[in-house]
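There are 2 protein chains.
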Amino acid sequence: MTKYASEPDTDFERIFNPEKIAVIGASSKGTGFGSGMFFALQDIGYQGEIFLVNPKGGTLAGHKIYESIAQIPETFDLAVIAVTAAAVPRALEACRKKGAAAAEILSSGFKELGTAEGLALEEQIREIAAQGIRVIGPNCFGIYCPQSGLTMLPGADLSRTTGPVAVCSQSGGMAVDFANTGKSMGLGFSKVVSFGNGADLRETELLAFFGQDPQTRVINMYIEGVADGEAFFDTLKNVARRKPVIVLKGGLSSAGSRAVLSHTASMGGSRAIWRAILKQANALQVSDMGEMVRASLAFARLPARSYKNLCVLGGGGALGVSAADAAEKYHMQIPPFDSGLRERIEKLLPRPGSSGGNPVDVANPYVAPEVLEQVLCLAAKDARIDLQVLITLFHHYKNTAAMAGKPVREVTPFAELARRVENTVQKTGKPVVVILNNPKRGTDHLDVVEMMEQARREFADRGIPAFDDLAEALEAIAHVNAYYGGKTHESANGCPNR
Amino acid sequence: MTKYASEPDTDFERIFNPEKIAVIGASSKGTGFGSGMFFALQDIGYQGEIFLVNPKGGTLAGHKIYESIAQIPETFDLAVIAVTAAAVPRALEACRKKGAAAAEILSSGFKELGTAEGLALEEQIREIAAQGIRVIGPNCFGIYCPQSGLTMLPGADLSRTTGPVAVCSQSGGMAVDFANTGKSMGLGFSKVVSFGNGADLRETELLAFFGQDPQTRVINMYIEGVADGEAFFDTLKNVARRKPVIVLKGGLSSAGSRAVLSHTASMGGSRAIWRAILKQANALQVSDMGEMVRASLAFARLPARSYKNLCVLGGGGALGVSAADAAEKYHMQIPPFDSGLRERIEKLLPRPGSSGGNPVDVANPYVAPEVLEQVLCLAAKDARIDLQVLITLFHHYKNTAAMAGKPVREVTPFAELARRVENTVQKTGKPVVVILNNPKRGTDHLDVVEMMEQARREFADRGIPAFDDLAEALEAIAHVNAYYGGKTHESANGCPNR
Chain W
1 MTKYASEPDT DFERIFNPEK IAVIGASSKG TGFGSGMFFA LQDIGYQGEI FLVNPKGGTL
61 AGHKIYESIA QIPETFDLAV IAVTAAAVPR ALEACRKKGA AAAEILSSGF KELGTAEGLA
121 LEEQIREIAA QGIRVIGPNC FGIYCPQSGL TMLPGADLSR TTGPVAVCSQ SGGMAVDFAN
181 TGKSMGLGFS KVVSFGNGAD LRETELLAFF GQDPQTRVIN MYIEGVADGE AFFDTLKNVA
241 RRKPVIVLKG GLSSAGSRAV LSHTASMGGS RAIWRAILKQ ANALQVSDMG EMVRASLAFA
301 RLPARSYKNL CVLGGGGALG VSAADAAEKY HMQIPPFDSG LRERIEKLLP RPGSSGGNPV
361 DVANPYVAPE VLEQVLCLAA KDARIDLQVL ITLFHHYKNT AAMAGKPVRE VTPFAELARR
421 VENTVQKTGK PVVVILNNPK RGTDHLDVVE MMEQARREFA DRGIPAFDDL AEALEAIAHV
481 NAYYGGKTHE SANGCPNR
Chain G
1 MTKYASEPDT DFERIFNPEK IAVIGASSKG TGFGSGMFFA LQDIGYQGEI FLVNPKGGTL
61 AGHKIYESIA QIPETFDLAV IAVTAAAVPR ALEACRKKGA AAAEILSSGF KELGTAEGLA
121 LEEQIREIAA QGIRVIGPNC FGIYCPQSGL TMLPGADLSR TTGPVAVCSQ SGGMAVDFAN
181 TGKSMGLGFS KVVSFGNGAD LRETELLAFF GQDPQTRVIN MYIEGVADGE AFFDTLKNVA
241 RRKPVIVLKG GLSSAGSRAV LSHTASMGGS RAIWRAILKQ ANALQVSDMG EMVRASLAFA
301 RLPARSYKNL CVLGGGGALG VSAADAAEKY HMQIPPFDSG LRERIEKLLP RPGSSGGNPV
361 DVANPYVAPE VLEQVLCLAA KDARIDLQVL ITLFHHYKNT AAMAGKPVRE VTPFAELARR
421 VENTVQKTGK PVVVILNNPK RGTDHLDVVE MMEQARREFA DRGIPAFDDL AEALEAIAHV
481 NAYYGGKTHE SANGCPNR
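Residue numbers (the working numbering), protein chains in the order written: chain W, 1 to 498; chain G, 1 to 498.
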């Protein structure tokens, strides 16, 4: 029990910002997880010192390989252990003796096997950890911290841009997928931890740490089972008062709960219990990783409050209908503008085919960014509106490009629109969310896909959240509303739009 | 009322496969919807004759422009009318006198405006239509028929590949987005009709036609409101006995229903009524276009039956848990294999980290296609399994490519895997669905996006349906199950896997 309460002697600074790392199990052949982690650390630009260890010695990419941990001439902050399961306890003990603050154990072959041998090895890890070294894993992908250049497997190409989003995940695949997807969406991370079997450091302590971490504003958790339900719930209630905590609980189905059993036999996977617990703690429950990343984007980019009345701008006949359906599903309104405002907006738009009501149908995809800015600024004058949603139809510029004989990225005014949306947010004080709708994704339209990703980056660089789909965006904003519209919070962390 | 019953004198052959088309409102300047349609028809490779009409005469891209419809020297099958709303009735009447079977009216400025003038103009269109010319529109994007080279606006780049999927949509944007998304997913179309305001030809008649069309096996409808609820329901019941009908009803929210009111004041948008009607008719209800396209892909590619017991193959710790959760949500099973089969599968896989149970965790993303084929063939021996789901992790080859200094498309064995999956389907008689999971989509990973789209095409060319996401794939298959697991059907159209 005490294992999962806060341990004040844990040096998280040394864990997340290690000045020296030892990689146990790097090979002079350059194969295996240990060597992979060494290359990943170099590629992502980790600036600290790295010591390599392998009983066979030799060198790897010009780096000396020590034959034992004891031979490393200095102490180090963090060990990466990637040796066979049976060799892990001895390596961990040696790292503890060298004064390492923690070890991430990438190796598998422990409790997850369900064998007596695996369980015994994991118990040995717990015992060594209790003597004074924190353990991340085993059976994990490690820690990603863009500020320090620490990275998960195989995350050599993760971003070095820091941001407010933290992730802790029992699944390594989920953690690295989240980091990659977040990078694609322009989301920056404070820390991402894949804790695997969670023999030592796991959900409750990590949650408590993220709750206090000044670099973390949004916390994501992928949980299959918790080790101590009561401690977790107390910490969750406490942390969720201060910061949004988004939880993806795997194994809520009866079959899924059987699948989880081989990992942790602790807290049951009842759907009703989890829903009640998360709701009571004012934590946000999501049903898949995509929803979790999008909710994080909304929390990271939108000022801390709820959004109930939207202005929706876009082009196309079904826009008004589907926007209204989606808004109702997520308990938001798209209030019609009064006739005066409507007429002022319609004067700016091509006629016929446009509509200045709310949703605003701009009639065709080629309305100039300057005009869209004017419309957004006018619509923001309606005092009820607290958020604007701009649906772009950039894929139609493929036709324009074909006629002009130019690349689609050159004819599509995404950079200008991003600047003008940023201006609009600054002038009106009301956030804008952009939808990068793209039905042209196939091999014939890779130029459109490329342009859309460049557009996403233009918006992201300006702090404007961009989603692929209107309903997905509203779902994400609904999580923001559920959080800020729920209980009162000790401190509403007044983050700006970026 | 009789307007919406079947009209045996309607010549759908001339409408969908016109040998001669007149474009009314093409301009020698090359601007406007009429000229756009002319260029689109040329670009998509329409082989019939095109007559252009504009009172100002002149030429467009070397084509003579007639100064009036009467001056066209021959009769024509289909007219495309793209003149101002006030000029439409006279143009339509002239086309009728020339013996055209139908006219698609792209112009807007009719009933959708809600003005007395707009309503009167639309009534005139109905009256002329009743005298012997069928009308598609007004306020629409027209008809796309890949076989004949007829295309919607602005669909110059739609596919010429024919397939079993039909779409009729009140929204032009929805119709063209569906056609584009379907193309990206390797889905072929029989006919796509954007019927806009539906002054004449609309949902019920089109549904009845698609019900009889031998080239159509799957029918999609985007409906905001129906003109005659009883006739629609009778036709729906009738057609859905023979072919799957997938319906996206827009405006089911109260706000959405108000948005629909300006289009058709006919059948109300009650969510409960629609759900009951669609269920009673054994039609499939979807909540957005993405779900509709994916359901069509499942219906088009999977043999006509229901799928309750799945084998799921992939790599990563959370796979088993999330697959089980998703399967339960969609009322499917992932039955565990017996120990004999499990051991035979595990002998083929890297150890530790893999699991030969069901789901099969192949432990790492680099398992050779040959091995995956062997595993799929073994798993198919479990008589309970009726469908296999293969989750690829191709994005991890980005790291392999970086180490090898080669483009990711060269190191990723997607073409071989597609061939081997095709072999597996042929050998086992059990269909395989592929998941092209890709969290690497941003500007740094356009090479991964490109490779994924090439992979999608490899699978599509072999009749293997590929989805982006496991839960989305199971949702699509659940529609197949709902259809074939429901009422008995007059004829189960025994389509093969391609």
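If you are wondering where the hints come from, they were derived from the structure by calculation, not from laboratory data. Any given hint could be a false lead.
No more than 27 Å apart at the CA atoms, straight line, and that leaves these computed lysine-lysine pairs for DSS-like [said to hold, decoys possible]:
hint, chain 1, residue 1, chain 2, residue 2
1, G, K98, W, K329
2, W, K279, G, K237
3, W, K427, W, K406
4, W, K329, G, K329
5, G, K279, G, K237
Some chain G residues near chain W, calculated using beta-carbon distances under 8 Å [claimed, not checked]:
hint, residue
6, D9
7, S108
8, Q147
9, G149
10, P154
11, G173
12, D177
13, G251
14, L348
15, N364
16, V367
17, A404
18, E453
19, Q454
Chain G regions said to be covered by chain W (calculated; three or more residues, Cβ under 8 Å) [as the list claims (entries may be wrong)]:
hint, stretch
20, 11–24
21, 371–378
Cβ coordinates follow ideal geometry from the N, Cα and C atoms, glycine included.
Going down the list of hints, with the structure as the test:
no.: 1; hint: G:K98 with W:K329; result: violated (50 Å)
no.: 2; hint: W:K279 with G:K237; result: violated (42 Å)
no.: 3; hint: W:K427 with W:K406; result: violated (34 Å)
no.: 4; hint: W:K329 with G:K329; result: holds (20 Å)
no.: 5; hint: G:K279 with G:K237; result: holds (10 Å)
no.: 6; hint: D9; result: violated (30 Å)
no.: 7; hint: S108; result: holds (5 Å)
no.: 8; hint: Q147; result: violated (19 Å)
no.: 9; hint: G149; result: violated (17 Å)
no.: 10; hint: P154; result: holds (5 Å)
no.: 11; hint: G173; result: holds (3 Å)
no.: 12; hint: D177; result: holds (4 Å)
no.: 13; hint: G251; result: holds (5 Å)
no.: 14; hint: L348; result: violated (18 Å)
no.: 15; hint: N364; result: violated (10 Å)
no.: 16; hint: V367; result: violated (15 Å)
no.: 17; hint: A404; result: violated (12 Å)
no.: 18; hint: E453; result: holds (5 Å)
no.: 19; hint: Q454; result: holds (6 Å)
no.: 20; hint: 11–24; result: violated (count 0)
no.: 21; hint: 371–378; result: violated (count 0)
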